[in-house]
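All chains, full assembly: derive it from the sequences and hints.
Chains R and U supply the protein sequences, listed in that same order. Quick note, in the numbering used here, the first sequence goes up one by one and the last residue is 255. Quick note, in the numbering used here, the second sequence goes up one by one and the last residue is 510.
Just so you know, the hints here were simulated from the structure itself, not pulled from any lab data. Heads up, some of the hints might be wrong.
Said to hold, decoys possible - Listed below are several chain R residues computed to face chain U (Cβ distance under 7 Å; list not exhaustive):
1. Arg-84
2. Arg-158
3. Pro-245
Ideal Cβ placement from N, Cα and C applies to all residues, glycine included.
Number of protein chains: 2
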Amino acid sequence: MQPALKLSLDRSGPIPSPCLGCPVRRDGICRVLGNDELGRLALVSVRRVVPRHEAVWRAGDGSGSVASLLSGVVSLSRSLPDGRQQIVALQFPTSVIGSLAGGRELETVAQETTRICSVPRGHFENILSRNPELEREVIRQIGAQLDEARNWLVAIGRKSAAERVATYLHMLVTNHRSPQRDAGPVEILLPLSRGATADFLGLTIETVSRKMTELKRSGIVDFDDATRMHVLSTDRLRAATGDEPVLDQPGSLRN
Amino acid sequence: MQPALKLSLDRSGPIPSPCLGCPVRRDGICRVLGNDELGRLALVSVRRVVPRHEAVWRAGDGSGSVASLLSGVVSLSRSLPDGRQQIVALQFPTSVIGSLAGGRELETVAQETTRICSVPRGHFENILSRNPELEREVIRQIGAQLDEARNWLVAIGRKSAAERVATYLHMLVTNHRSPQRDAGPVEILLPLSRGATADFLGLTIETVSRKMTELKRSGIVDFDDATRMHVLSTDRLRAATGDEPVLDQPGSLRN
DNA sequence: CGGAATCTTGAAGTCAATCAATCTACGTGG
DNA sequence: CCACGTAGATTGATTGACTTCAAGATTCCG
Numbered sequence: 001m002q003p004a005l006k007l008s009l010d011r012s013g014p015i016p017s018p019c020l021g022c023p024v025r026r027d028g029i030c031r032v033l034g035n036d037e038l039g040r041l042a043l044v045s046v047r048r049v050v051p052r053h054e055a056v057w058r059a060g061d062g063s064g065s066v067a068s069l070l071s072g073v074v075s076l077s078r079s080l081p082d083g084r085q086q087i088v089a090l091q092f093p094t095s096v097i098g099s100l101a102g103g104r105e106l107e108t109v110a111q112e113t114t115r116i117c118s119v120p121r122g123h124f125e126n127i128l129s130r131n132p133e134l135e136r137e138v139i140r141q142i143g144a145q146l147d148e149a150r151n152w153l154v155a156i157g158r159k160s161a162a163e164r165v166a167t168y169l170h171m172l173v174t175n176h177r178s179p180q181r182d183a184g185p186v187e188i189l190l191p192l193s194r195g196a197t198a199d200f201l202g203l204t205i206e207t208v209s210r211k212m213t214e215l216k217r218s219g220i221v222d223f224d225d226a227t228r229m230h231v232l233s234t235d236r237l238r239a240a241t242g243d244e245p246v247l248d249q250p251g252s253l254r255n
Numbered sequence: 256m257q258p259a260l261k262l263s264l265d266r267s268g269p270i271p272s273p274c275l276g277c278p279v280r281r282d283g284i285c286r287v288l289g290n291d292e293l294g295r296l297a298l299v300s301v302r303r304v305v306p307r308h309e310a311v312w313r314a315g316d317g318s319g320s321v322a323s324l325l326s327g328v329v330s331l332s333r334s335l336p337d338g339r340q341q342i343v344a345l346q347f348p349t350s351v352i353g354s355l356a357g358g359r360e361l362e363t364v365a366q367e368t369t370r371i372c373s374v375p376r377g378h379f380e381n382i383l384s385r386n387p388e389l390e391r392e393v394i395r396q397i398g399a400q401l402d403e404a405r406n407w408l409v410a411i412g413r414k415s416a417a418e419r420v421a422t423y424l425h426m427l428v429t430n431h432r433s434p435q436r437d438a439g440p441v442e443i444l445l446p447l448s449r450g451a452t453a454d455f456l457g458l459t460i461e462t463v464s465r466k467m468t469e470l471k472r473s474g475i476v477d478f479d480d481a482t483r484m485h486v487l488s489t490d491r492l493r494a495a496t497g498d499e500p501v502l503d504q505p506g507s508l509r510n
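Spelled out as structure tokens, the structure:
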């Protein structure tokens, strides 16, 4: 990465009020904008709270918007005509969702109570074309999403059910405590219902449930209830994902 | 899309000689460059022929390049430490491959004799930062690849073996005769071996072979040999992909 | 022509799906 | 407050699709 270019030379002006104390100000896509552009963006942006299990927007709702995820978790999914469904991505805060390139029609559903900061597509594209730094940031974001989609492709295509579940849980751990060093037990609230988990992992509800029970019985994780998980050994969980060369850690299951 | 902006006002100058008669000149990513920039790009570009089944480059070969596919077919794949492999994308001519955003280390292998036009990553990024139109084109490309990866995620995660094979064959048909209207039998040379097809579809060689035989026995396609296919009914093939609402076409199999 | 890959085909085995209860959590209203 | 109803989750029994194992058949190339 290079030092910021001088193209948006308008770092002047006050921070627009809606953006003051925005939870995503530091890591979101808007961080590359000067206060001036940020102000223009803030003028057309709308904050919205989407309750758990409600659609953020419908698969093909015309014009479309681009939004930043402020909090919560959102699933992007696609269905076959006979109803089979696959979640193709989970989005966590600071991610951008909506009609950015690709334009594939994806069902976008809040899996937790979710707050977004939404901008009409046209406005976003205007600001985009004026801010090369923003364009590079968009490329970085889409690239990261492509990378992730391909990683899941490997998981869904080649991993066993147990490995997929472990991979999902391990991803939650990684997302939770960013790049922090591992250590003691972590408590994590699973954002997805068993059904959504199944749709994400290309499995059935029953299989997901069974594999979670196995992970629990083998002492890798524990559950207070269906959504409250304790990770007892991050190492063994990672070993169960199939992503690491096995060091013959006893108890690592692959079925 | 908007009419070309006046930013690269240097459409002047002669077409650089290597680009004269380039098979990708019209549809490749370079089409958005003026002759001036194109000339600079041509100076640092290298054409290369990669024989079937050879690596275009290795998973992590340092600096990296960005290349346009001139002809042939390339697979991008990722492996688990125990050797299980998944092809995460097939790339056809006009596509860009290499270290563009995402940066995930992917094994890149020619599945047919393949010609590429390659540029060192640094040079490409320089030209990229000078040409907003090129940046927008890159966003478009990555977005399309994201879209495709997600489509395959649905296929691998939720479709039966028979549907996956049909989807693959149908994709080849679609790629072959661009958006042309369907009609009589088409002959298509399968670019992937059975093994590579299995790695692409998340199946085994045997299952791929069996499903192809079933497709043949049901009269949807025919094979002269393992790689020379005749599509007898594009409609029934499409029906077999699972992507279309079924109109109760007799003979459409889903097992 | 011969030998090695690659592909096809068959038989047996296994993992995950399906079918079917049961259990738990939660919200509503009596 | 507890009975009741519903939705989600777990658990068990069985089925079935795909894999694995094992021969053959075919193609490719020296």
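Does the closest beta carbon of chain U sit nearer than 7 Å to the beta carbon of R:Pro-245?
Holds - the Cβ of R:Pro-245 comes within 7 Å of chain U, reaching about 4 Å at its closest.
With chain U as the partner, please determine if R:Arg-84 meets the hint condition of a C-beta pair closer than 7 Å.
holds (4 Å)
Should the hint that R:Arg-158 touches chain U count as held when the rule is a Cβ pair under 7 Å?
Holds, about 4 Å.
Checked against the numbered hints given earlier, the structure satisfies every one of them.
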